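Protein chains: 2
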Amino acid sequence: MGLIVQKYGGSSVADAEGMKRVAARIVASKKAGNQVVVVVSAMGDTTDELIELANAVTPIPQGRELDMLLTAGERISMALLAMAINNLGFEARSFTGSQAGVITNSVHGKARIIDVTPGRIQEAIDEGAIAIVAGFQGISQDTKDITTLGRGGSDTTAVALAAALEADVCEIYTDVDGVFSADPRVVPAARKLKTVTYEEMLELAAAGAKVLHLRCVEYARRYDLPIHVRSSFSPNEGTWVVANHPEGYSLGKGTNMEQAIISGVAHDKSEAKITIVGVPDRTGVAARIFQAIADADINIDMIVQNVSAATTGLTDISFTLPKSEGSDGTAVLQRIQGEVGFASILYDDTIGKLSLVGAGMRSNPGVTATFFAAMSEAGVNIEMISTSEIRISIIVREADLDRATKAAHTAFQLDADQVEAVVYGGTGR
Amino acid sequence: MGLIVQKYGGSSVADAEGMKRVAARIVASKKAGNQVVVVVSAMGDTTDELIELANAVTPIPQGRELDMLLTAGERISMALLAMAINNLGFEARSFTGSQAGVITNSVHGKARIIDVTPGRIQEAIDEGAIAIVAGFQGISQDTKDITTLGRGGSDTTAVALAAALEADVCEIYTDVDGVFSADPRVVPAARKLKTVTYEEMLELAAAGAKVLHLRCVEYARRYDLPIHVRSSFSPNEGTWVVANHPEGYSLGKGTNMEQAIISGVAHDKSEAKITIVGVPDRTGVAARIFQAIADADINIDMIVQNVSAATTGLTDISFTLPKSEGSDGTAVLQRIQGEVGFASILYDDTIGKLSLVGAGMRSNPGVTATFFAAMSEAGVNIEMISTSEIRISIIVREADLDRATKAAHTAFQLDADQVEAVVYGGTGR
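Protein chains in written order, with the numbering used here: chain X, 1184 to 1612; chain V, 1184 to 1612.
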């Protein structure tokens, strides 16, 4: 008994059969005595099809109009889902982002949520109905225009609504069973995690794990809202994303600290590396470069600066950024080349990023050693390194990435056959 | 120079090419110095596809959710049209029915417009932008739910907006060149009319001419708003729907009154006939029958009651109604059969309706005679007759309808080769 916010992605509601399956699942939650609010994405490939239509009409769709167009996708799926639930004899009412009170800023295509005023949703569930809310969309506070939240927008809608409604849990339904110790497509021995902390999940998401988006995890952490990531195709428990691992949490019987502290291994092939060669090693030069990058709204990830060669006073700076922003990034740098006075720009989009994530990693110096030894044994060359409290990321050749991922997973004894007698969950896929 | 509201139907914006063509047309109106507001329908078959999706999920979609679903269609087309205009270097902003201030009652699927408060539209055009508005949709005053206006809804949106904005003209773009003296598919010699009065247009629409819907003409008449019906595929003048024919209006050189007064011939195969046999000829019985029909929200058209046979005190009542409401209509009658005490119900859906429409017809008794003589010569049997100030309608066998239509068109010298030297328009297709 409680208030549950559930989010279903586009692959769960790709067709009429999917709609009916999801409707039955929602009704089961309602029958169990819960108040249920559902956030739904556009069906299957709808969003891509709409973007294709836009591109057929104009090479550069305006943000305002593109948002108007794309929000039609959720409108279709939420109405159909409400119908499917009504057909099972339960009352469901669908609401647009605007009707659900999702107030955003005016940045079309990647609006941020400013406030959530879910009066109509509260009213609907108080009256016993199931509320279906369009994910990914809102209304701008200033212009009253329709906005979209960008990538991961539906997850963020769900968590934001759950926080505003003071829900007991936000369930994110997906096509996998939960959060895994590595991508099972790359590491077949990967295990489903019973719990991950918000911090670990943030690092995993930032490191390329696609199951939950950064923004939604940040939002959940801020409001201390438990997220339950689970499959819409099976009734199994998934992975709980929470503030702390439960007391006595352990990956396996008799595990030592080195085993327990690593939650998972994430890999990411979506980034590219830019190296700026021959940068004058003066105060303010790096700041000028990264200010220009930031002004162009380009997200950079890892940054490495080589030690300056004392004789020349010149240094090299490398950073990684999404491949999709690669051409913008090089263009920005070309514009400031004269002013800053560096020698040249190298662009490399054949890199891969491998990250090791786990709470308490920092206090275990052995982790880094084990990690690098595993890479060496696998014959993988490390090009860049970056660390945080609970993450170590390295850049390797893209061709080496899958091998590196498997090697790291095995080295930290995360493989399923290495932790057969688990205490909490970890029952595999 | 003025304020023009233009409406484009789904066939005009069926694909990206159509969008671009319509965009160019809109921009031309803007370039000519006008303020332009555009009402657009869903692309091509979008609405049918959405209904199909709904039927795949539930046999009986709820009205509220079906409206939510269907309004996605206009959302897509209006955003794409705005993009196509932006791409030509002109600013366009799209607005949902709700954003455009189209306030309706709460009858989902066929809501009536209560008020139009187009503040955002006025603001957009005052700022020099072209406003694109979703046709067919509004927001209910009481529940703030999304509603649709039903058949002909986009035409009605356009006229209602034009009235609220005090536009100079409402241009209804369609895939034919205007209003014709008969359906050119049935009567190849049909001519395009230069003008028709609101009253004639109402009778033509009621008689089955599909180019404009009854509601939109009623709305235009109430606000004395000129409608210009024209083709989105050609630059030609279409047909003006106005309060009065212009002074000196005449169909042809040397035409006599009998020729001048007939605007056109309309035919309709969408109706069925129900005959109630053996009805007690007592006060209140007919009222009881038609009250039951009205309570079931069934639209009846023509009603004929035979003279009662004095010996039996029983009579027969026939009426016509849309075929789509035929089964509902017979069901209603079966329910009250015991109470009213009639003998039986006959249902006939193989009828056709032929209507002759023209201002001033009533004062020309020769019209009826000419009409019936033409039917007789064509060997067409007349089953029911109904007349108004400016219309005569007859029911014939469906198989005879096309022949009857052609015969009437020729009898009233409406054929193109009969009126070669026209004064106003009538230049044919």
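Calculated from the structure, these hints are not laboratory results.
Every value quoted in this text rests on a predicted model; they were computed, and no experiment measured them.
Be a bit skeptical, because a hint or two may be false.
Intra- or inter-copy, both count: the list cannot distinguish identical chains.
Result set (DSSO-like, lysine-lysine): computed pairs, CA atoms no more than 30 Å apart in a straight line [claimed, not checked]:
1. K1327 - K1293
2. K1452 - K1506
3. K1452 - K1327
4. K1214 - K1327
5. K1506 - K1214
6. K1506 - K1203
7. K1506 - K1393
8. K1327 - K1203
9. K1327 - K1506
10. K1393 - K1293
11. K1293 - K1214
12. K1214 - K1452
13. K1293 - K1506
14. K1452 - K1203
15. K1203 - K1393
16. K1452 - K1393
Quiz item: Checked against the structure, which of the hints given earlier come out wrong?
Solution: Violated hints: 3, 5, 6, 9, 11, 12 and 14; rest satisfied.
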